[in-house]
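Participant: One letter stands for each residue in the lines below.
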Amino acid sequence: MFILTKIADLVQIAPDDFRKQSYAAVEDNINAKYANKVVQKIGLCICLWDVLWASEGLIGQGDGMVNVNVEFRLVVFRPFQGEAIAARIADQTPEGINLATDFFDDIFVPWTELPEGSEFEPAENLWVWKDEDQVMYFDNNEMVRFKVIAEEWHDQTPSKPVEVVEATEDAPKPTNSKPPYRITGSMNGPGLGCCLWWE
Amino acid sequence: MKIVESQNALLSNYEVYQHIVDQRKRNTAQNRRLPGNVHHVMTEVLAYLREKPSPLETQDETKHYSATAIPRLLEKLREANLPSELTKGELLSILNLRPSCSALLSTAIEDMEERFDEEQQNTIVDIVGDVLGRDETAGDAGEEMDEDAVPSVENGY
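Top to bottom, those sequences are chains A and B. With the first letter of the first sequence counted as 1, position 43 gets the number 43 in the numbering used here; the numbers rise by one all the way through. With the first letter of the second sequence counted as 1, position 126 gets the number 126 in the numbering used here; the numbers rise by one all the way through.
These are calculated hints, taken from the structure and not from any lab test. All C-beta atoms in this analysis are idealised placements derived from N, C-alpha and C, irrespective of residue type, glycine included. Certain hints may be false.
To be verified - Incomplete in silico selection of chain B near chain A, CB under 8 Å: (1) 7; (2) 13; (3) 42; (4) 52; (5) 54; (6) 58; (7) 87; (8) 89; (9) 97; (10) 107.
Stated by the list, open to error - Restricting the straight-line Cα-Cα distance to at most 27 Å, the calculated cross-link-like pairs of lysine-lysine (DSSO-like) are: (11) B:25 x A:37; (12) B:2 x A:178; (13) A:147 x B:88; (14) B:2 x A:6; (15) A:33 x B:88; (16) B:2 x A:37; (17) A:33 x B:2.
Claimed, not checked - Here are the in silico distance ranges between beta carbons for each label pair: (18) B:78 x A:16: 52 to 60 Å; (19) B:9 x A:23: 19 to 27 Å; (20) B:110 x A:177: 33 to 41 Å.
My request is simple: use the sequences and hints to build the entire structure.
Facilitator: Rendered as structure tokens:
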């Protein structure tokens with residue numbers, strides 16, 4: 001689920017951080033920049049693991065910032081393909097089930113990847129698995145296990161402003177609602193699905 | 001920013017758990033306040049790892065996982081003389097999930113049915129239970145282990 005990624009970066013320590021120990025200032029700086037953020041094709045950064053190397057601090061002209069080149073390792077959330085993980089059911093639609101863990105929300109299980117015999121109940125807005133007269137519910141907030149089958153990356157670079165032409169006012173606005181990192185999962189297989197079923 | 005190595009090592013959930021717990025201890029001792037985003041994500045990861053069905057749920061009391069438990073698990077699996085070798089990813093999954101029955105074991109091991117027969121599957125489950133503890137027998141006195149050993153990414157896998 002978690003990996004270590006080695007990164008080299010320039011850390012700039014502002015003068016009001018000089019009261020900190022230098023290692024603490026570097027650490028806080030790196031954490032503030034990376035923690036809880038997605039780096040494209042790397043994963044969701046959690047926190048600093050260790051600092052491998054750091055240069056002398058150099059003060060540039062014009063501002064009082066201390067510039068330090070640092071090589072460090074980060075703890076990153078990046079499950080590998082085929083890995084089984086636990087998550088909670090956040091939301092259900094006829095297209096599939098959205099899952100979330102405490103720290104990562106963009107997990108989707110399409111209906112094609114639900115156990116065979118699964119049906120959507122529009123009245124209750126949830127999926128049920130009918131297997132040999134047994135009816136099992138995918139309740140919201142239930143803990144489930146799923147297998148990672150694919151991942152998607154969407155760069156969040158801001159797009160160009162669109163010139164507003166009055167005639168196209170009704171046209172759908174280009175939205176940037178795609179998550180930076182999305183995991184597609186499967187719940188079709190033994191041991192997968194609600195954790196309660198397998199206890 | 002330059003990515004020097006996108007995947008330097010794989011971490012088990014236990015190592016991440018221990019790292020966050022240690023960081024917090026150190027920060028309290030040194031009276032340090034972390035930037036908001038790290039504090040936030042660390043709290044959430046810890047909450048996730050401490051929640052059922054994570055085997056680390058009872059780690060605080062039982063100390064089933066430790067730096068020595070990982071090599072012991074590998075050693076025991078090697079001694080079991082399994083017909084097919086487990087890959088690194090499979091071992092990592094076993095470590096993270098702590099499967100308590102063969103259905104759960106199959107989520108960790110690819111093509112399990114073809115590679116291992118029922119008896120061998122049970123052997124793996126038993127070994128996992130012996131080394132990493134089971135849900136029911138929490139607090140088993142025989143499983144107490146040295147807690148101040150340092151976790152290491154490099155060791156074993």
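Participant: A separate judgement is required for each hint: does it hold in the structure or not?
Facilitator: Here is how each hint holds up against the structure:
Among the interface hints, the one on residue 7 of chain B holds; its C-beta lies about 5 Å from the nearest C-beta in chain A, closer than the 8 Å criterion. With a least beta-carbon distance of about 6 Å to chain A, the hint placing residue 13 of chain B at the interface is held under the 8 Å criterion. The beta carbon of residue 42 of chain B is positioned within 8 Å of a beta carbon in chain A (closest approach about 6 Å), and the interface hint is therefore held. The interface hint given for residue 52 of chain B holds, since its Cβ lies 7 Å from the closest Cβ of chain A, which is under the 8 Å cut-off.
Proximity of residue 54 of chain B to chain A holds as hinted, the smallest CB-CB distance being about 7 Å (cut-off 8 Å). Taking 8 Å as the C-beta contact cut-off toward chain A, the hint placing residue 58 of chain B at the interface is violated, the least distance being around 16 Å. Of the supplied interface hints, the one on residue 87 of chain B is violated, with its beta-carbon coming no nearer than about 10 Å to a beta-carbon of chain A, more than 8 Å. Among the interface hints, the one on residue 89 of chain B holds; its C-beta lies about 6 Å from the nearest C-beta in chain A, closer than the 8 Å criterion.
Interface hint status for residue 97 of chain B: upheld, as the beta-carbon distance to the closest one in chain A is roughly 6 Å, under 8 Å. This hint holds: residue 107 of chain B has a C-beta 4 Å from the nearest C-beta of chain A, less than the 8 Å allowed. Restraint check for residue 25 of chain B and residue 37 of chain A: the C-alpha separation of about 24 Å stays at or below 27 Å, so the hint holds. Our distance criterion of 27 Å between C-alpha atoms is met by residue 2 of chain B and residue 178 of chain A, whose separation comes to about 25 Å.
Restraint check for residue 147 of chain A and residue 88 of chain B: the C-alpha separation of about 17 Å stays at or below 27 Å, so the hint holds. Taking the CA atoms of residue 2 of chain B and residue 6 of chain A, the gap is about 9 Å. The hint holds against a cut of 27 Å. Only pairs whose Cα atoms come within 27 Å are accepted, and residue 33 of chain A paired with residue 88 of chain B is rejected, the gap being roughly 31 Å. Restraint check for residue 2 of chain B and residue 37 of chain A: the C-alpha separation of about 16 Å stays at or below 27 Å, so the hint holds.
A C-alpha spacing of about 14 Å is found between residue 33 of chain A and residue 2 of chain B, which places the hinted pair at or below 27 Å, so the restraint holds. One distance hint, 52 to 60 Å for the beta-carbon pair residue 78 of chain B and residue 16 of chain A, holds here, with the actual separation near 55 Å. The beta-carbon spacing between residue 9 of chain B and residue 23 of chain A, approximately 22 Å, falls within the hinted interval of 19 to 27 Å. Remark: the range hint 33 to 41 Å for residue 110 of chain B to residue 177 of chain A is upheld by a beta-carbon distance near 35 Å.
In summary, the numbered hints that this structure violates are 6, 7, 15.
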